[in-house]
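Chain F: place on chain X using the hints.
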Amino acid sequence: MSKHLKVEVKNGKIKEAINFFLIELLKKNLVSALLVPRELPSKDNVVQSLVSQPDELKNADVFAPVLPVNSARIISEMTRLGSGKASVGAILRSCEIRALIELVKLKQASLDNLLIIGIDCPGTYSVKDYKALCQQGIYPEDELFKNLKKGMEDVRIREACKVCEYPVPSNSDLTFGFLGVDFEKNIFFQANTSKGEKILDRFSYLEFDGLKIREEFIFKYLKQKIKKRDELFALTQKEVKGWENLISFFSACINCHNCMKVCPVCYCRECFFESACFEFNGDKYLNWAKKKGSIKMPKDTALFHLGRMAHMATSCVGCGACEEACPNNIPLLKVFKTVAHNVQEIFQYVPGKKLQEPLPLTTFKEDELQRVGED
Amino acid sequence: MKVKEPKIVAFLCNWCSYAGADLAGVSRIQYPPNIRVIRVPCSSRVNPLFILKALQEGVDGVLVAGCHPGDCHYISGNYLARRKFTIFKNLLDYLGIEKDRVHFTWISAAEGARFAEIVKEVTERVKKLGPVKRLVKNRSA
Chain X
2 MSKHLKVEVK NGKIKEAINF FLIELLKKNL VSALLVPREL PSKDNVVQSL
52 VSQPDELKNA DVFAPVLPVN SARIISEMTR LGSGKASVGA ILRSCEIRAL
102 IELVKLKQAS LDNLLIIGID CPGTYSVKDY KALCQQGIYP EDELFKNLKK
152 GMEDVRIREA CKVCEYPVPS NSDLTFGFLG VDFEKNIFFQ ANTSKGEKIL
202 DRFSYLEFDG LKIREEFIFK YLKQKIKKRD ELFALTQKEV KGWENLISFF
252 SACINCHNCM KVCPVCYCRE CFFESACFEF NGDKYLNWAK KKGSIKMPKD
302 TALFHLGRMA HMATSCVGCG ACEEACPNNI PLLKVFKTVA HNVQEIFQYV
352 PGKKLQEPLP LTTFKEDELQ RVGED
Chain F
1182 MKVKEPKIVA FLCNWCSYAG ADLAGVSRIQ YPPNIRVIRV PCSSRVNPLF
1232 ILKALQEGVD GVLVAGCHPG DCHYISGNYL ARRKFTIFKN LLDYLGIEKD
1282 RVHFTWISAA EGARFAEIVK EVTERVKKLG PVKRLVKNRS A
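If you read the sequences in order, they're chains X and F.
Positions in the first sequence are counted from 1; adding 1 to them yields this note's numbering.
Positions in the second sequence are counted from 1; adding 1181 to them yields this note's numbering.
Source of the hints: derived by calculation from the structure; they are not laboratory data.
Some hints could be false.
A few chain F residues facing chain X, derived, Cβ under 7 angstroms [what the hints assert, rightly or not]: (1) Pro1229; (2) Leu1230; (3) Leu1233; (4) Tyr1260; (5) Leu1261; (6) Arg1263; (7) Arg1264; (8) Thr1267; (9) Ile1268; (10) Phe1269; (11) Asn1271; (12) Ile1278.
Below, simulated SDA-like cross-link-like pairs (lysine to any residue); rule was C-alpha separation at most 20 angstroms, straight line [to be verified]: (13) Lys292/X - Lys1234/F; (14) Lys293/X - Lys1188/F; (15) Lys1188/F - Trp289/X; (16) Lys1234/F - Ser249/X; (17) Lys292/X - Gly1311/F; (18) Lys1270/F - Glu346/X; (19) Lys366/X - Asp1252/F; (20) Lys300/X - Glu1238/F; (21) Lys1234/F - Asn246/X; (22) Lys366/X - Thr1286/F; (23) Lys1270/F - Gly243/X; (24) Lys1270/F - Thr364/X; (25) Lys300/X - Gly1239/F; (26) Lys285/X - Lys1234/F; (27) Lys1270/F - Gly1258/F; (28) Lys239/X - Lys1270/F; (29) Lys292/X - Glu1238/F; (30) Lys1280/F - Gly243/X; (31) Lys293/X - Lys1234/F; (32) Lys239/X - Asn1271/F; (33) Lys1280/F - Asn1215/F; (34) Lys14/X - Leu149/X; (35) Lys150/X - Ile139/X; (36) Lys1270/F - Leu362/X; (37) Lys1234/F - Glu275/X; (38) Lys366/X - Ser1257/F; (39) Lys1234/F - Cys272/X; (40) Lys1234/F - Ala290/X.
On a predicted model such as this, the values are computed, not experimentally measured, just so you know.
Where is the CB? At the ideal position from N, CA and C, for every residue including glycine.
Okay, chain X solo, but in the shape it has when bound (with noise of 0.2 angstroms):
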């Protein structure tokens, strides 16, 4: 069940080719409000918007290669209590789209209404360089498809990008997709569900022809991410072995929780490490010290990440919130990721793949990993 259908772009203006399509999305009632990433007045960022006015569009800046948010949580938001009568249709990426699927399974949000419109990412910049490279006067968005274009990968995008295995959108209703294709003459829309059949079948766009190029370039551009991930693991691997490295490696955390806080399957409503376990008075923090010679303040830092990282591991889709939030620029995502892959490659869960697949802490099966608890 899918349809590929090109849109033509003119004069090689990508974003308004997109646009036009989420503009006559919302004229034609299809959906009754938009999430997008609109361009801020001072055009250094984008920001999520729900839109439902189709004049409100014109400054939706759907490929713009930033992750200010992980939108999951923002679907999360917005559905946790239920989701509106109306439908509303969500611009995500794949690494959004798989925290939201995670936290579906978790009952933090609801697909109802919802129509997932999923885009092509080959990687965003850091807010912090995002806004560097606009106020340099160049449009971030050029430099993507220009680098793309010529094949390279440009060194400014975030770590999490730079080996991220999942540059296609899965489990989205429509796909707008740009790798692999000419985008320079046509980008390529995709419906993958009845719901996104319907929606592509009210306009009338010319079939796409070019999928079988589009395939093998995702294949060859995957095998370099795969490489480039597998490089890392073995680097971190080193970095991190040993109690010492560890700690030395999560010692510049102030335990802010902001990892936490922006991180979109970290789903507690009330976090354990912010409840009174962790609060005592200054005789306990005194005994501390003279028992050990000395403590690192604020306690229990590397004590927090590792019970989020026990915690979270079989849900981590490595969209690398965690090390942007983080104020003193730990490089969480290594870690978290090659952990996550790890313990995920134990159960051979895939985050985000399929909604019907349970989590794999909720469920068991009685004939599996029969030697723990026999050496």
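Only chain F this time, still in chain X's reference frame:
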């Protein structure tokens, strides 16, 4: 110099392993006095954080014991615990913390002898590793 006796925290499930320990006591089976027992309702009650915190606070080893697979008082608690500990063990291994510090095992209420056997074995293995000092005391931890 005398070897320092290790301290081991044992999380025992109320329905099987704790009863197993009880049986060992009633049957007057000897086992090393190194363990400190904490009774938990089920092995799946043990949050990996408990183990991390214990190690951080200076215990030398941790033992978690529950009912044998299939015998859980809550039907499936130990199956879930098994998955949880697989993840946790993997994490510890990845982080380079010695495997023998943390043990996970099954002891039924009828296995007093097995309980003593396991405590003996765990104590020996932890003793071999030496005190947990480097987990707690260093530059900035």
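Each hint, compared with the structure:
1. The beta carbon of Pro1229/F comes within 4 angstroms of a beta carbon in chain X, closer than 7 angstroms, and the hint placing it at the interface holds.
2. With its C-beta approaching chain X no nearer than about 5 angstroms, Leu1230/F sits inside the 7 angstroms limit, and its interface hint holds.
3. Look at Leu1233/F: its Cβ gets to within about 6 angstroms of chain X, closer than 7 angstroms, so that hint holds up.
4. Interface hint at Tyr1260/F: satisfied, since its Cβ lies 4 angstroms from the closest Cβ of chain X, which is below the 7 angstroms cut-off.
5. At about 6 angstroms, the closest approach between the beta carbon of Leu1261/F and any beta carbon in chain X falls short of 7 angstroms, and the interface hint on this residue holds.
6. Against a cut-off of 7 angstroms between C-beta atoms, the interface hint on Arg1263/F holds, since the closest Cβ of chain X lies about 5 angstroms away.
7. Interface restraint check for Arg1264/F: the shortest CB-CB distance to chain X comes to about 6 angstroms, inside 7 angstroms, so the restraint holds.
8. With 7 angstroms as the threshold, the beta carbon of Thr1267/F comes within range of chain X, its nearest partner Cβ sitting at about 5 angstroms, so the hint holds.
9. With a least beta-carbon distance of about 5 angstroms to chain X, the hint placing Ile1268/F at the interface is held under the 7 angstroms criterion.
10. The interface hint given for Phe1269/F is met, as the beta carbon of that residue sits about 6 angstroms from the closest beta carbon of chain X, less than 7 angstroms.
11. With its C-beta approaching chain X no nearer than about 6 angstroms, Asn1271/F sits inside the 7 angstroms limit, and its interface hint holds.
12. The beta carbon of Ile1278/F comes within 6 angstroms of a beta carbon in chain X, closer than 7 angstroms, and the hint placing it at the interface holds.
13. For the proposed pair Lys292/X and Lys1234/F, the alpha carbon gap of about 16 angstroms is at most 20 angstroms, so the pair holds.
14. A C-alpha spacing of about 17 angstroms is found between Lys293/X and Lys1188/F, which places the hinted pair at or below 20 angstroms, so the restraint holds.
15. Straight-line distance between C-alpha atoms of Lys1188/F and Trp289/X comes to about 18 angstroms, which keeps the hinted pair within the 20 angstroms bound.
16. A C-alpha spacing of about 18 angstroms is found between Lys1234/F and Ser249/X, which places the hinted pair at or below 20 angstroms, so the restraint holds.
17. Between Lys292/X and Gly1311/F the alpha-carbon distance is near 19 angstroms, which keeps this suggested pair within the 20 angstroms criterion.
18. The suggested pairing of Lys1270/F with Glu346/X holds, with an alpha-carbon distance near 14 angstroms, which does not exceed 20 angstroms.
19. A distance of roughly 14 angstroms separates the Cα atoms of Lys366/X and Asp1252/F; the hinted pair therefore holds under the 20 angstroms criterion.
20. Annotation: proposed proximity of Lys300/X to Glu1238/F holds, straight-line Cα distance about 12 angstroms (limit 20 angstroms).
21. Only pairs whose Cα atoms come within 20 angstroms are accepted, and Lys1234/F paired with Asn246/X is accepted, the gap being roughly 18 angstroms.
22. Restraint check for Lys366/X and Thr1286/F: the C-alpha separation of about 18 angstroms stays at or below 20 angstroms, so the hint holds.
23. For the proposed pair Lys1270/F and Gly243/X, the alpha carbon gap of about 14 angstroms is at most 20 angstroms, so the pair holds.
24. Our distance criterion of 20 angstroms between C-alpha atoms is met by Lys1270/F and Thr364/X, whose separation comes to about 18 angstroms.
25. Between Lys300/X and Gly1239/F the alpha-carbon distance is near 15 angstroms, which keeps this suggested pair within the 20 angstroms criterion.
26. For the suggested pair Lys285/X and Lys1234/F, the alpha carbons sit about 15 angstroms apart, so the restraint of at most 20 angstroms is met.
27. With a C-alpha separation of about 18 angstroms, the suggested pairing of Lys1270/F with Gly1258/F holds against the 20 angstroms cut-off.
28. Restraint check for Lys239/X and Lys1270/F: the C-alpha separation of about 18 angstroms stays at or below 20 angstroms, so the hint holds.
29. With a CA separation close to 10 angstroms, the supplied pair Lys292/X and Glu1238/F stays within the 20 angstroms bound.
30. With a C-alpha separation of about 12 angstroms, the suggested pairing of Lys1280/F with Gly243/X holds against the 20 angstroms cut-off.
31. A hinted pair counts as satisfied when its Cα atoms are at most 20 angstroms apart, and Lys293/X with Lys1234/F qualifies at roughly 15 angstroms.
32. Distance check on the hinted pair: Lys239/X and Asn1271/F sit about 16 angstroms apart at the alpha-carbon level, within 20 angstroms; holds.
33. At roughly 19 angstroms between alpha-carbon atoms, Lys1280/F and Asn1215/F fall within 20 angstroms of each other, so this suggested pair holds.
34. The suggested pairing of Lys14/X with Leu149/X holds, with an alpha-carbon distance near 15 angstroms, which does not exceed 20 angstroms.
35. With a C-alpha separation of about 17 angstroms, the suggested pair Lys150/X and Ile139/X falls inside the 20 angstroms cut-off, and the hint holds.
36. Annotation: proposed proximity of Lys1270/F to Leu362/X holds, straight-line Cα distance about 14 angstroms (limit 20 angstroms).
37. Proposed proximity of Lys1234/F and Glu275/X is supported: the alpha carbons are some 16 angstroms apart, at most 20 angstroms.
38. The suggested pairing of Lys366/X with Ser1257/F holds, with an alpha-carbon distance near 10 angstroms, which does not exceed 20 angstroms.
39. Distance restraint check for Lys1234/F and Cys272/X: the Cα-Cα separation of roughly 17 angstroms lies within the 20 angstroms cut-off, and the hinted pair is therefore satisfied.
40. With a C-alpha separation of about 16 angstroms, the suggested pair Lys1234/F and Ala290/X falls inside the 20 angstroms cut-off, and the hint holds.
Checked against the numbered hints given earlier, the structure satisfies every one of them.
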